[in-house]
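Student: Position 173 of the first sequence, counted from 1, bears residue number 172 in numbering that gives the first Met the number 0, the numbering being contiguous throughout.
Derived from the structure by calculation, the hints contain no laboratory data. These numbers come from a predicted model, not from an experiment. Every residue gets a Cβ at the ideal spot worked out from N, C-alpha and C, and that includes glycine.
Computed spacing ranges between beta-carbons, pair by pair:
| # | residue 1 | residue 2 | range |
| --- | --- | --- | --- |
| 1 | 271 | 46 | 33 to 39 Å |
| 2 | 301 | 326 | 24 to 30 Å |
| 3 | 116 | 49 | 31 to 37 Å |
| 4 | 48 | 112 | 25 to 31 Å |
Simulated pairs of lysine-lysine, BS3-like, Cα-Cα distance not exceeding 30 Å:
| # | residue 1 | residue 2 |
| --- | --- | --- |
| 5 | 371 | 435 |
| 6 | 352 | 323 |
| 7 | 187 | 146 |
| 8 | 396 | 435 |
| 9 | 187 | 87 |
| 10 | 61 | 318 |
| 11 | 131 | 97 |
| 12 | 101 | 118 |
| 13 | 391 | 318 |
| 14 | 359 | 391 |
| 15 | 371 | 330 |
| 16 | 438 | 359 |
| 17 | 236 | 1 |
| 18 | 359 | 61 |
| 19 | 466 | 430 |
| 20 | 343 | 316 |
| 21 | 332 | 352 |
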Amino acid sequence: MKVRTRFAPSPTGYMHIGNLRTALYAYLIAKHDNGDFLLRIEDTDKNREVEGAIDIIYNSLKLAGLSHDEGPDIGGPVGPYVQSERVKSGIYMEYAKKLVEKGEAYYCFCDEERLSKLKKTVNGEEISFYDKHCLSLSKEEVEANLKAGKPFVIRQNNPTTGTTTFNDDLYGDITVDNSELDDMVLIKSDGYPTYNFANVVDDHLMNITHVVRGNEYLSSAPKYNRLYDAFGWDIPKYIHCPPITDETHHKLSKRHGAASFEDMINLGLLPECIVNFVALLGWSPASNDEIFDLQKMTELFDYKRISKSPAVLDMTKLKWMNGKYIETMPKDKYLEMAMPYVEKSITKSIDKKKIAICVKTRIEVFPDIPEKIKFFNEVDADYDKNLYANEKNKLTKEESLSILKEILPILEETSDFSNDNLFATLKEYGKSKEFKVGKLMWPIRIALSGLENTPAGATEIASIIGKDETLKRLKDAINSF
RNA sequence: GGCGCCAUGGUCAAGCGGUUAAGACAUCACCCUUUCACGGUGGUAUCACGGGUUCGAUUCCCGUUGGCGUCACCA
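Produce the entire structure from the sequences given, and follow the hints as far as they go.
Tutor: If you want it as C-alpha cells, here you go:
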C-alpha cells in the first residue's frame with residue numbers, strides 16, 4: 000500500500016515550530032517511501048478564523064521545501080481538502096448519524112448550564128466528564144426535540160467498563176480503562192464536526208496510512224480507535240511526536256522569542272537550516288551526520304528512530320548551524336543575501352563586496368552583519384584603550400604605541416595599499432624588530448577598528464578603508480594614548 | 001486529583017545485557033597561523049533514586065521521585 004501522510008493544521012495565523020516539525024516528519028515518512036504527502040486545512044472552529052492564515056501555511060511549507068502532492072490549492076482525488084468545505088457536503092453529519100444508528104453515538108441536548116454543573120475544579124484546572132444524561136432519552140424524545148428545533152450535539156457513546164488498547168508505532172501498546180473515556184462531542188451544535196471526529200473521518204476517506212501528530216493527542220487516541228472500530232475501518236499507524244520545549248521545559252511560547260517559523264525567519268535564520276535543525280530535535284539518523292538538506296534527510300529518515308522524550312530547543316546551536324550554512328553557501332547566493340545588510344550599514348564609498356566576503360565566516364545570521372562591520376565607517380571613539388596591551392602577544396601599551404609611531408611614516412610612504420603589499424611591507428618592518436607578525440599586527444588592527452575581534456586582519460582593513468583613512472586612524476590612535 | 005507518557009552531561013543525542021558510555025553545541029586549556037577570528041588538539045561533564053531478574057545491568061521488570069501531557073460544542 001502506498002504510504003500517505005498528511006499535515007493537517009488549523010489556520011491559527013502562525014506556524015508553530017513544533018507544528019513545522021510535525022509537518023516535516025509527515026513529509027519525510029511519505030517521501031522516504033515515495034508516498035504522498037497531503038495538506039488538509041482543519042478549519043472547523045468558526046470562532047477562531049484568522050484572515051490570511053491559510054496563506055501563512057502555504058508560505059511556510061513552501062519556504063521549508065515541503066511540497067505537498069494534494070491540497071486545497073492543487074486539488075487531488077480525495078478533496079475537498081478544507082474541512083469547512085467538506086462540512087457543506089454533509090459528510091460528517093452523515094457519518095455521525097451512522098454511528099447513532101449503531102448505538103455508538105447519541106444526540107445530546109444538554110445546555111451550557113447543565114454542562115457547567117458537571118464541571119469541577121482540581122488544582123485550579125477545570126475538568127469535566129459527561130454523565131451520559133441524554134443517552135437515556137427515548138427515540139421519541141429525541142425526535143420531538145429535533146422537531147422542536149432544539150440545539151443538539153452528537154456524542155460518542157463509550158463503554159464504561161473494560162479497557163481499550165491502541166497502538167502507537169513509537170510508544171507501543173497503550174491500554175486505558177474505558178471508564179476514562181469521555182463521551183466526546185462529535186458534531187457541534189453549529190453542525191460542524193469537532194477536530195477529533197473530522198480527523199478520523201477525513202484520515203479514513205483520504206486513505207491516510209500514517210497519522211503523524213503531536214504527543215498531546217496521545218490521551219485521546221483510544222477514543223479514536225473506538226471510532227474506527229465502530230465504523231469498521233482500518234486503523235492507520237499512529238506516530239505521536241514528543242514536544243519541543245524551551246529551556247524551562249515548557250511548551251515553546253511566544254514569550255520565548257522564537258516559537259514560530261516566522262519568528263525564526265525574522266531572526267535571520269535560513270529556512271533550510273531551521274528545517275535541518277528542527278528535524279534533529281527528536282530524531283537522529285543512524286549515522287553521525289548533522290548537516291544535511293531535505294533530500295539527504297529524506298534518504299536517511301527512519302521514523303522508528305524518532306525519540307519519545309521531549310527536546311529543548313537550543314538557540315545557541317541553531318545559530319551555530321546557521322553560521323555553518325552561511326559559511327558553505329555559494330558566493331553568489333551569499334552576496335545576494337548579505338549585500339543588502341552591507342549596503343545599509345556602510346555609508347562610505349569603499350569596497351562593500353570585499354567587506355561582505357570578510358564577514359562570511361564570521362556571522363551566524365545575516366542581521367549580525369551591521370554590528371560587525373560598522374567600524375569601517377568610523378572607529379568608536381570610546382573603545383577600550385587597554386586593548387593595546389595583549390598578554391598573548393606579550394605586548395604592552397607602550398610597545399603598541401611605539402609600533403604605531405614607527406609604522407606611521409612607513410605607511411605614509413607606501414602608495415600601494417593592496418593587502419599583499421601592505422602585508423609584505425609591514426612584515427619587513429617587523430622582521431627588523433624581530434616581532435612576530437601577530438604581535439606587530441595587533442596594535443594596528445586595534446587602531447584601525449577599535450575592536451578586539453574584527454572580520455578581517457589589520458592589513459585587509461587598511462586596504463579596504465584606503466590610505467587616507469588608515470593614516471588618519473593611526474594618528475588618532477597615537478594621540479589617544 | 002484521575003489517567004497517560006517520558007527520564008543518558010548545561011543542551012541535542014548514540015546506545016538496544018558485557019563499551020575506556022559515541023558524536024555535536026556550549027565551556028575550559030593548549031597549539032597553529034599572512035595578523036584577531038577561523039581552524040586543530042585535548043580536557044571537564046551524563047546513565048534520577050530504590051528494589052528485583054541475571055554470572056553480569058545505562059540497557060529487562062517493579063516501585064519511588066521528578067517532568068510533561070490530558071480531562072472543552074479548541075485544535
